[in-house]
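**Q** Heads up: the protein sequence lines correspond to chains A and B, in order.
Counting in our numbering, the first sequence runs from 315 upward without gaps.
Counting in our numbering, the second sequence runs from 139 upward without gaps.
Do not rely on the hints blindly, as some may be mistaken.
Think about it this way: if two alpha-carbon atoms lie no more than 20 Å apart in a straight line, the pair counts; the simulated SDA-like pairs of lysine to any residue are [as the list claims (entries may be wrong)]: (1) A:Lys444 with B:Lys289; (2) B:Lys312 with A:Thr455; (3) A:Lys444 with A:Thr455; (4) B:Lys202 with B:Trp245; (5) B:Lys312 with B:Arg405; (6) A:Lys444 with A:Met528; (7) A:Lys444 with B:Ala174; (8) B:Lys312 with B:Leu419; (9) A:Lys444 with B:Arg372; (10) A:Lys444 with B:Lys312; (11) B:Lys289 with B:Gly316; (12) B:Lys312 with B:Trp245; (13) B:Lys289 with A:Arg477; (14) A:Lys444 with B:Asp412; (15) A:Lys444 with B:Pro401; (16) A:Lys444 with B:Trp232; (17) B:Lys312 with A:Arg477; (18) B:Lys312 with B:Pro231; (19) B:Lys289 with A:Asp393; (20) A:Lys444 with A:Arg477; (21) B:Lys289 with B:Gly198; (22) B:Lys289 with A:Gly406; (23) B:Lys202 with B:Gly316; (24) A:Lys444 with B:Leu408; (25) B:Lys289 with A:Arg422; (26) B:Lys202 with B:His313; (27) A:Lys444 with B:Arg405; (28) A:Lys444 with B:Arg404; (29) B:Lys289 with B:Pro357; (30) A:Lys444 with B:Trp245; (31) B:Lys289 with A:Leu420; (32) B:Lys202 with B:Met168; (33) A:Lys444 with A:Gln458; (34) B:Lys289 with A:Thr455; (35) B:Lys202 with B:Leu419.
Calculated directly from the structure, the hints in this document are not laboratory data.
Since the structure is predicted, the reported quantities are computational estimates derived from the model, not experimental observations.
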Amino acid sequence: MNTTIETATSTVPVGAVHTPDSPLDWSEPLVAGTVLLDEVVAPNAPWSTTVAAGQVLTIVDVGGNQSADCLIFDAANADERYSVPDTLAWQGNAYVRESTVLRSNLGRPLMTVVGNEVARQDTIGGACGKESNTLRYGHHTAFQHGCRENFLTEAARHGLGARDLVSNLNWFMNVPVEADGSLGIVDGISGPGKRVAVRAERDVLVLVSNCPQMNNPCNDFNPTPLRMLVTAPGLA
Amino acid sequence: MSRADTRDTASILAARADARSQGDGVSDWMAYLPAARTPYPPAGVDPQLLTWAETVAPGGYTHKVVSRGTRIRLEDVAGDACAHLLVFNALEPWERLNVADTQKIPWQAYLGAGHPLLSGDGRVLATVVADTSGHHDAFCGTSTDLWNLEKYGDAAPHGPSPSGRARLTLAAAKHGLGPGDLPPSVSFFQGLRVEVDGAFTWQGSAGPATYVDLLAELPLVVLVANVPHPLDPRTDYVVGPLRVHAWRSSPSAPDDPHADATPERRRAYLNTVDYAEARGL
Ligand SMILES: [Zn+2]
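I would like the entire structure built from these sequences, with the hints used as guidance.
**A** Written out as structure tokens, the structure reads:
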């Protein structure tokens with residue numbers, strides 16, 4: 315191999331940071347109401363919160379085309395969690411859009427998409443990770459950070475582990491399925507300030523990984539922050 | 139006359155004789171032991187190599203721990219089976235089927251011959267090495283109690299229309315795995331396709347007597363529920379028998395055509411062999 319080994323100040327790979335001239339649009343909640351939480355998820359970082367039944371979580375794609383990988387659990391019983399196949403089978407469609415009910419592995423509603431500014435949201439593309447990166451891009455990418463690392467880190471804060479990680483949502487990511495079954499992550503169809511809003515149908519724990527992937531277009535090769543807002547509608 | 143009137147079970151000796159008189163009975167749905175004595179031996183397979191022979195009841199389930207290199211044939215006898223499958227690394231069962239990676243990494247949503255069933259750990263758990271059906275699904279998972287209750291009016295495990303999730307939950311429990319250990323599953327023999335707008339179009343069965351062969355690339359816990367696909371448009375709970383045979387074979391070698399077909403698959407099998415070598419498998 316022709317790789318040049320240079321001395322680094324840290325052996326921990328430093329995550330990619332968005333270019334300084336990236337347009338950032340912090341936007342505002344998509345659904346009116348009292349703001350109960352307003353936080354920024356830094357590029358590459360994990361995040362979680364509980365959302366009580368009736369409250370609305372707005373996720374802002376601040377820099378545009380930044381994948382927000384997302385898992386949802388029943389706050390009282392984590393064995394009941396977001397399920398891609400149940401969500402898709404109940405609605406008879408492979409894509410997530412406004413009014414999609416995000417269902418659990420028991421088929422029950424966890425959250426509902428009540429606002430959406432992107433034509434099509436993804437839930438079939440899964441999460442990136444060190445191990446899957448070796449298949450997709452080569453073993454030289456295994457040192458990089460991934461959503462699976464973020465999910466495991468954040469899950470541990472709630473007493474959850476590898477067995478609790480299942481197929482996820484990817485807000486603002488674009489994964490078309492073509493007639494011959496071809497499927498893949500392509501250039502995004504979101505943009506700075508675009509939002510999705512999901513209403514909790516019961517008390518839920520939401521885990522998000524602000525995707526660090528730099529080997530495909532899911533973050534526009536420029537990981538940017540996410541803004542997370544929880545609102546209580548009707549109390550404004 | 140009730141059965142109680144015709145059976146002598148008043149004493150322990152009589153009850154024992156009554157119990158033992160039943161042992162040679164046969165059912166349309168049963169395991170055949172030893173597997174070499176299966177009434178339905180797969181053509182071209184030395185019966186002495188068989189390690190699993192069974193017909194799974196409509197609405198039933200089965201499960202087995204198999205060694206690396208086991209070739210598992212699922213056969214849709216009558217054209218109405220639907221085999222909902224989960225596979226786990228038997229040595230570390232938190233490594234298990236990852237449907238998203240199984241679709242994304244091969245850049246292909248539809249399962250077929252040569253398709254690797256990938257874990258979330260960058261390895262191949264099993265390979266679809268033969269497929270005479272081509273009608274499968276990796277989008278919709280299996281049915282839940284809630285789904286079957288709405289569709290059929292009943293979902294009790296002791297009733298006429300048990301759900302796939304309930305079946306897989308029971309199968310998992312027998313290997314110490316709980317409800318939280320069940321990821322999304324894939325299903326064989328009832329297909330669907332995705333339209334441009336994302337809508338699912340029902341494809342259904344390819345007809346009777348088709349089969350799918352899976353090659354275990356690691357030691358596996360295999361769970362199979364044989365229940366109707368959730369999107370099966372028939373309003374009745376229609377499902378046919380599923381036949382299962384497995385025999386000793388060899389895991390994929392890195393230079394096998396299906397393992398060497400694409401860069402992603404090549405590295406997936408490299409990772410799998412790397413794991414197996416390190417564990418002395
Ligand atoms: Zn990611």
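**Q** None of the hints should be skipped; say for each whether it holds.
**A** Results of checking the hints against the structure:
Taken as a hint, the Lys444 (chain A) and Lys289 (chain B) pair is broken in the structure, with Cα atoms around 41 Å apart against an allowance of 20 Å. With a C-alpha separation of about 38 Å, the suggested pairing of Lys312 (chain B) with Thr455 (chain A) is violated against the 20 Å cut-off. With a CA separation close to 7 Å, the supplied pair Lys444 (chain A) and Thr455 (chain A) stays within the 20 Å bound. Between Lys202 (chain B) and Trp245 (chain B) the CA atoms are separated by roughly 30 Å; this puts the pair beyond 20 Å, and the hint is violated.
Proximity of Lys312 (chain B) to Arg405 (chain B) is assessed by CA-CA distance (about 33 Å); at most 20 Å being required, the pair is judged violated. With a CA separation close to 12 Å, the supplied pair Lys444 (chain A) and Met528 (chain A) stays within the 20 Å bound. A threshold of 20 Å between alpha carbons decides the hint, and for Lys444 (chain A) with Ala174 (chain B) the separation of about 43 Å lies outside it, so the pair is violated. Under the criterion of a C-alpha separation no larger than 20 Å, the hint pairing Lys312 (chain B) with Leu419 (chain B) is inconsistent with the structure, at around 24 Å.
Only pairs whose Cα atoms come within 20 Å are accepted, and Lys444 (chain A) paired with Arg372 (chain B) is rejected, the gap being roughly 43 Å. For the given pair, Lys444 (chain A) sits about 32 Å from Lys312 (chain B) by alpha-carbon distance, which is inconsistent with the 20 Å threshold. With a C-alpha separation of about 26 Å, the suggested pair Lys289 (chain B) and Gly316 (chain B) falls outside the 20 Å cut-off, and the hint is violated. Note on Lys312 (chain B) and Trp245 (chain B): the hinted pairing is violated, with a Cα-Cα distance of about 34 Å set against a maximum of 20 Å.
With a C-alpha separation of about 30 Å, the suggested pairing of Lys289 (chain B) with Arg477 (chain A) is violated against the 20 Å cut-off. For the suggested pair Lys444 (chain A) and Asp412 (chain B), the alpha carbons sit about 16 Å apart, so the restraint of at most 20 Å is met. Using a Cα cut-off of 20 Å, the hinted pair Lys444 (chain A) and Pro401 (chain B) holds, with the two alpha carbons roughly 17 Å apart. This hinted pair checks out: Lys444 (chain A) and Trp232 (chain B) have alpha carbons roughly 17 Å apart, not beyond 20 Å.
Annotation: proposed proximity of Lys312 (chain B) to Arg477 (chain A) holds, straight-line Cα distance about 17 Å (limit 20 Å). Of the pairs offered as hints, the one joining Lys312 (chain B) and Pro231 (chain B) holds, with about 13 Å between alpha carbons and a cut-off of 20 Å not exceeded. As the CA atoms of Lys289 (chain B) and Asp393 (chain A) are separated by approximately 24 Å, the hinted pair breaks the 20 Å bound. Annotation: proposed proximity of Lys444 (chain A) to Arg477 (chain A) holds, straight-line Cα distance about 17 Å (limit 20 Å).
Our distance criterion of 20 Å between C-alpha atoms is met by Lys289 (chain B) and Gly198 (chain B), whose separation comes to about 18 Å. Taken as a hint, the Lys289 (chain B) and Gly406 (chain A) pair is honoured in the structure, with Cα atoms around 15 Å apart against an allowance of 20 Å. At most 20 Å may separate the alpha-carbon atoms for a hinted pair to count; Lys202 (chain B) and Gly316 (chain B) meet this at roughly 16 Å. A C-alpha spacing of about 15 Å is found between Lys444 (chain A) and Leu408 (chain B), which places the hinted pair at or below 20 Å, so the restraint holds.
Between Lys289 (chain B) and Arg422 (chain A) the CA atoms are separated by roughly 15 Å; this keeps the pair inside 20 Å, and the hint holds. Distance hint between Lys202 (chain B) and His313 (chain B) is fulfilled; the C-alpha atoms sit about 9 Å from each other, no more than 20 Å. The suggested pairing of Lys444 (chain A) with Arg405 (chain B) holds, with an alpha-carbon distance near 13 Å, which does not exceed 20 Å. Between Lys444 (chain A) and Arg404 (chain B), the direct Cα distance comes to roughly 17 Å. Compliance with the 20 Å bound is thereby established for this hinted pair.
Distance restraint check for Lys289 (chain B) and Pro357 (chain B): the Cα-Cα separation of roughly 37 Å exceeds the 20 Å cut-off, and the hinted pair is therefore not satisfied. This hinted pair checks out: Lys444 (chain A) and Trp245 (chain B) have alpha carbons roughly 18 Å apart, not beyond 20 Å. At most 20 Å may separate the alpha-carbon atoms for a hinted pair to count; Lys289 (chain B) and Leu420 (chain A) meet this at roughly 15 Å. The hinted pair formed by Lys202 (chain B) and Met168 (chain B) meets the criterion: a straight-line CA distance of about 14 Å does not exceed 20 Å.
Between the alpha carbons of Lys444 (chain A) and Gln458 (chain A) the distance comes to roughly 6 Å, so the proposed pair stays at or under 20 Å and holds. At roughly 47 Å between alpha-carbon atoms, Lys289 (chain B) and Thr455 (chain A) are farther apart than 20 Å, so this suggested pair is violated. At most 20 Å may separate the alpha-carbon atoms for a hinted pair to count; Lys202 (chain B) and Leu419 (chain B) meet this at roughly 18 Å.
Checked against the numbered hints above, the structure violates hints 1, 2, 4, 5, 7, 8, 9, 10, 11, 12, 13, 19, 29 and 34; every other hint is satisfied.
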